[in-house]
Amino acid sequence: MSEPILEVQNISKFFGSVIALKDVSMFLRAGEVTCLLGDNGAGKSTLIKVLSGVHKPDEGVYRYQGSEVSFSSPRDTLDLGIATVYHDLAMIPLMSIWRNFFLGSEPTVGWGPFRRFDVDFAKRTTREELGKMGIDIRDPDQPVGTLSGGERQSVAIARAVYFGAKVLILDEPTAALGVKQAGVVLRYIVQAKQRGIGVIFITHNPHHAYPVGDHFVILRRGQIYGDFTKDEIPLEQLVQMMAGGADLEVLSHELEKAAEGGGP
Amino acid sequence: MSSLAVNTQPAQAAADERIREVGVLSRLMARPELGALVAVVVWLFFAVVAADNNFISWATTAAILNRAAPLGILAIAVALLMIAGEFDLSIGSLVGFGGMAIMMLVTPVEPGGFGWTILPAIGVALLITLATGFFNGVLVVTTKLPSFIITLGSLFIFRGLAVAVPRSATNRTQLGGLDEVSSYGPMDAILGTKLELFGARFDVAIVWWIGLTIVATWVLMRTRVGNWIFGVGGDNVAARNVGVPVNRLKIALFMTTAFTAFLSALIQAFQFNGADSLRGSLKEFEAIIAVVIGGTLLTGGYGSVIGALLGTLIFAMVQQGIMTGVDGDWFKVFVGGILVAAVIFNNFVRQQATKR
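Sequence order for the protein chains is D and U.
Residue 3 is where the first sequence starts when you use the working numbering, and the numbers rise one by one after that.
Residue 202 is where the second sequence starts when you use the working numbering, and the numbers rise one by one after that.
So here's chain U without its partners, still in its complex pose:
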């Protein structure tokens, strides 16, 4: 069906007889987040199954959100990167890497650390982690190889470094004692503390997660950079031809994923009072799953950050539902099933949206 008409008369702006009132449903169908509406169904399912385990209570809600927040922070940047048509498989390793970088810097000289105070340690560890994102980005844009392969390499490189460097320096792969470092208190208040609300304990990480989601959504939907992200993901060459700085944009997005990995690592360092070389394992896949459930296309050019938030929520709810109501052995079966169902569903929705 043709949607433009050729007239010799100029267009009439208002009250166009060719615009049909479309129903709420078909309007919803054009939104990338729709797939994540399945969340409601999942929620209800587990609410019923686990009703006697108090699934719908403030305590359970807090448990779900606390579980979701560190993953959700990663999923925000992964969504932006995937809409721009690239993958970052190293993000989970960077959580381990970033955490160990902070802890190596604050650990006293005696076991093999640097003995810095908290703020300089955070600053330098952030720079190091951002540099890893820069490294990923530059490698992807200069070699023009699929980012899947490049960051699969980085996955091993940075996980390896997160294990090897602390082990050779301190003979450990777990470093604790963050609370013994000076000026721990004020940083803990904004990163690791728990907020008492409705008789349940909510991690302050949830605030970071929601805040970053709002910022990222605004950037994606209402700024030039957001338009570039859609354009680059939709068609790299076309975007370059109209003057979008494709390479700089991609490098910046890889640095954004590295930044969220660092933030997630930092928050968990305060929550667990230390870091573990293996923290963040498999998070790269969980983040991609959350983003895809949230309606973002694997091929890029289409998606939303709100969707990533909803996808993360579903992921955490399934996990929590399994923990409280159903045998935990089935968790992976459920997650895999939801992922495949989400992809099929999103594909269908996209075809409807572009067909009309």
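Just chain D, with the same shape it has in the complex:
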């Protein structure tokens, strides 16, 4: 087994009296997909923000490529090749695809006051890079707002890959997507993995996680509830753990009773 590219050990994060994360440990290897599963409020968002450098952990160790690191902004993590794609604000709808693709990392030509955005290169590269990911683009000039949700996610992933991401953190990329669109995104996750990129895939849907994941980390109430490789856990058990097994059984009994009673 190769060394993990990214690893956190006993991370804790507090907001005032609230314990958002407690003693969370997880790791990621290059060319693998680690799925981070958890229901709403499990601490997924906080963990992503710690991993992507938005929050500093209050306790614990963050290791990247074998050495201990500490980040003060998302820019720091980006510079080291850790790219985060947020599901809600991945793209700017009114801007064209090529402007979005290079936003924040524009290629330039010329010198001094005449240094300018290399527009032709940007348009050409956008088309090529999306092509490599299997996304066939018609017109790089069209506003991102005209793309569907899954396509936007795909463009955002392609962008992160192009800018040399070694680790991709995907925050619920399949949430709010239809079945087919989610499939499109899952395919790009596998593409990224095959190109040797480590992917942390955050989701609350085990059916999306299971086909692409190598490794599953389940968060509950701010703590690690389970940590499995794919051959250790079948899908059914993952679904059960995700939903909090016992709670679900109680709920289904209650619902059955209500149904037998003929409703209120």
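Note that these hints are calculated values from the structure, not bench results.
Computed from a prediction, not measured in an experiment: that's the story for all the values here.
Under the rule of at most 35 angstroms between Cα atoms (straight-line distance), these lysine-lysine pairs were calculated in the DSBU-like manner: (1) Lys-134/D / Lys-51/D; (2) Lys-168/D / Lys-195/D; (3) Lys-345/U / Lys-58/D; (4) Lys-51/D / Lys-182/D; (5) Lys-345/U / Lys-24/D; (6) Lys-345/U / Lys-51/D; (7) Lys-168/D / Lys-345/U.
Model the placement of chain U on the given structure of chain D, informed by the hints.
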């Protein structure tokens, strides 16, 4: 309608069968400046109504452009700032403030000024005005309050200062006599002079206006900073997440509006041979109106500097048309009507552009 397709084959670059030839009209519809094409209609309307008053003549053209230039210079920076999603309501006050700063510095010690020569006075007044823009910008990015409120405060603060400081020092709110200061001539030649062309007199300010429009358009469309401006206006947080220096950009844009206010004040100081504390009143709204007529969204992320130029032109043409052909009392009614029509029209155009 989906615009991407998932293929296992790599994309074919040329001759894509899914690209439909779109007509000239729908291509135009995607441009922010389209709203300002209404300019042509307005022009024709007043040309007909005021035909006997020589509306279409070199003299009238000069009158319109001379009227438009000082406002147009402001509208350039206001457009950039609005595309980045912020407002600057203090820009009109800064015109008064900047003008009085120059005049306070060159006014002789006797009535209460500093008695400086022209160049150092312009330099220091520029720095002071840029500092006000810096103040606006820093306040907006640190408090994260709407810039509308912050600069509404600045509107009163700087107008108040433009009245109070000269009055307490010189007992006046109008300072003249710029032409008596040494080395007035060369500066007047580039800022206040009039150019004789086709038998009409054009202010040199028009050259500044058009020149700055070209520079600003280039910055917006063809530089990194331009891409950042669109990005920040489209989505502040997303832009920050991909590494755009959002705060520095916004502060720089507030300083740009302060700079154009100063340039406008400087040009008018040479044109009118002095400054008035109340100069630039209501220009903040006129600039926003010009920019919005030019197709820039109030919510940011979309717009153009060329549009701001056209919007200013419409504003000035309506004003001139009213002056020459129609009763001046109706001017505000027209401007308000055009503004509302432009916003409705631009909204419609944007929906068409993003829907397809």
